[in-house]
Amino acid sequence: MSKIVILGAGISGHVAASHLRRKLDKTHEVIVVSPNSNYQWIPSNIWVGIGRMKSKEILFPLAPLYKKKGIGFKQAKVTSFYPEGDSETEKPFVVAEYVSAEKKGETERITYDYLINATGPKLNFETTEGLNPGTNKTYSVCTYTHADHANEGLQALIAEMKKGKEAKIVIGTGHAKATCQGAAFEYILNVEQELRRQKVRDKAKITWISNEYKLGDFGMDGMLLSYGSNIMKSHEMVEMVFEDRNIDWILGAGVNKIEDGLAHYETLTGEYKTIEYDFAMLIPSFSGHGFKAFDKNNNDITDKLFKGFMIVDADYAPKPYEDWTVQDWPETYQNPNYQNIFAPGIAFAPPHSISKPRKSPNGTEIFPAPPRTGMPSGITAKLVADNIIDSIKNNTESLHHKGSMGNMGAACIASAGFGITKGSGVSITTFPIVPDYKKYPDTMGRKLGKTFGEIGLAGHWLKLMLHYAFIYKAKMRPFWYLIPE
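Residues 1 to 485 (the working numbering) make up the sequence shown, in order.
One or more hints might be untrue.
Once the Cα atoms are required to be at most 27 Å apart in a straight line, the calculated BS3-like pairs of lysine-lysine come out as [to be verified]:
| no. | residue 1 | residue 2 |
| --- | --- | --- |
| 1 | Lys359 | Lys319 |
| 2 | Lys214 | Lys69 |
| 3 | Lys163 | Lys122 |
| 4 | Lys356 | Lys214 |
| 5 | Lys69 | Lys103 |
| 6 | Lys257 | Lys214 |
Label pairs and their in silico Cβ distance ranges [what the hints assert, rightly or not]:
| no. | residue 1 | residue 2 | range |
| --- | --- | --- | --- |
| 7 | Thr364 | Glu276 | 19 to 25 Å |
| 8 | Arg245 | Pro441 | 30 to 36 Å |
| 9 | Ala156 | Ser229 | 44 to 50 Å |
Since the hints were made in silico from the structure, they are not lab data.
No experiment lies behind these values; they were computed from the predicted model shown.
By construction, the Cβ of each residue, glycine as well, lies at the ideal position given by its N, Cα and C atoms.
Modelling step: build the complete structure from the supplied sequences, incorporating the hints.
Listed below in structure tokens is the structure:
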């Protein structure tokens, strides 16, 4: 009998637990450890953040589902790792502290045969002074509670605008090394559409602020894409979208301080500037959770497991941007020091960014961190689960399932508006996520035909359909596994 422990119940953790439980018989334990009592479909936070969906429509409680499906659930947060066990416990284990009301503050040693670290990122708001959701007129859509607060702030501002107030709205990244530009991009389009719907668009000046060097970078170094019968660069497509909606933009901006209605930022040219706002939604930087690891003699071995995020089978050797290759990126998400530990999704430490690193004359790094949310999280979680399943069934290590972000595609659908007949979508599909300049030297590292963009109602319909499909999948309804990651 094997015991598989999954840390985290977001997209990666939940996908891994679902596939493990479906494919392994009940003699094997599957246990999820997460401080969150609910599963949430994060991509739909955008609609919650403009009031077009209620948060209850994008989440459901985990405990009843896991009990029904035979998955153990501990509402707790992991604090430390003991991959060799210790003097008291022979098997490897993690220490977790319960956060549920009935056990709050209690700790437990949770042993395992296989460990999947799917803890995702820490939302590192504190690295930008004053960036705290719900204060200083700044908001976030990173969680459903954040999105609820963002909607409250937005609707309060709209009420003032209906009385004649001229408003300044700023949306984008809130740190020089932030990621998730795609979420901010989708939110700015939805806010703009919501202002039109409520007939106050003429009262608002909307500005995109980002650490990207060019529009459409999205933390992926930009892309050359097919657009209908034409070929264009992603920055040209996003410029077209923003110009059509009268959205201004500030690029190469590292936001470093927030005051009430005032964002301070440094530019790639080394200038220090400010922008005023009445409402801002700024994505924070992401970081690891600061976990500690110890060997069986209680010596600190954190550097064997973590470099911020968890170390996996990537090439972490420092090298210049010109020498980066897709071979730098992991394929199995296995920790090289402890072969029974894996880290899919955002939990793994990337070898480097995807976008070209840039510094201001002041020495400040201003460029996006690499995105690993959404599709990559689900795909990597499933391949990790499949490798563990094969290893258990074959009674020997099996790593046949591989998936580097250098040979993996992803789709991003930024929907604007809500409903069946009203709305639009900006759809971008890219292959591969990490550009392969050797394989596709003439098309910015990506395969045309598999890298394309579309604008229109069809993309909006697809985003709406995917919301219901992935909630269905997450609830493990009949034949859920036929829906791809």
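Against the structure, the hints:
Distance hint between Lys359 and Lys319 is fulfilled; the C-alpha atoms sit about 16 Å from each other, no more than 27 Å. Taking the CA atoms of Lys214 and Lys69, the gap is near 46 Å; set against the 27 Å cutoff, the hint is violated. Restraint check: the Cα-Cα separation between Lys163 and Lys122 comes to about 39 Å, which exceeds 27 Å; the hinted pair is violated. Only pairs whose Cα atoms come within 27 Å are accepted, and Lys356 paired with Lys214 is accepted, the gap being roughly 11 Å.
A hinted pair counts as satisfied when its Cα atoms are at most 27 Å apart, and Lys69 with Lys103 qualifies at roughly 23 Å. About 22 Å separates the Cα atoms of Lys257 and Lys214, which keeps this hinted pair within 27 Å; it holds. Taken as a hint, the range 19 to 25 Å holds for the pair Thr364 and Glu276, whose Cβ atoms sit roughly 22 Å apart. Separated by about 35 Å at the C-beta atoms, Arg245 and Pro441 satisfy the suggested range of 30 to 36 Å.
Checked against the hint of 44 to 50 Å, the pair Ala156 and Ser229 passes, with Cβ atoms roughly 45 Å apart.
The structure is inconsistent with the numbered hints 2, 3, although it conforms to all the rest.
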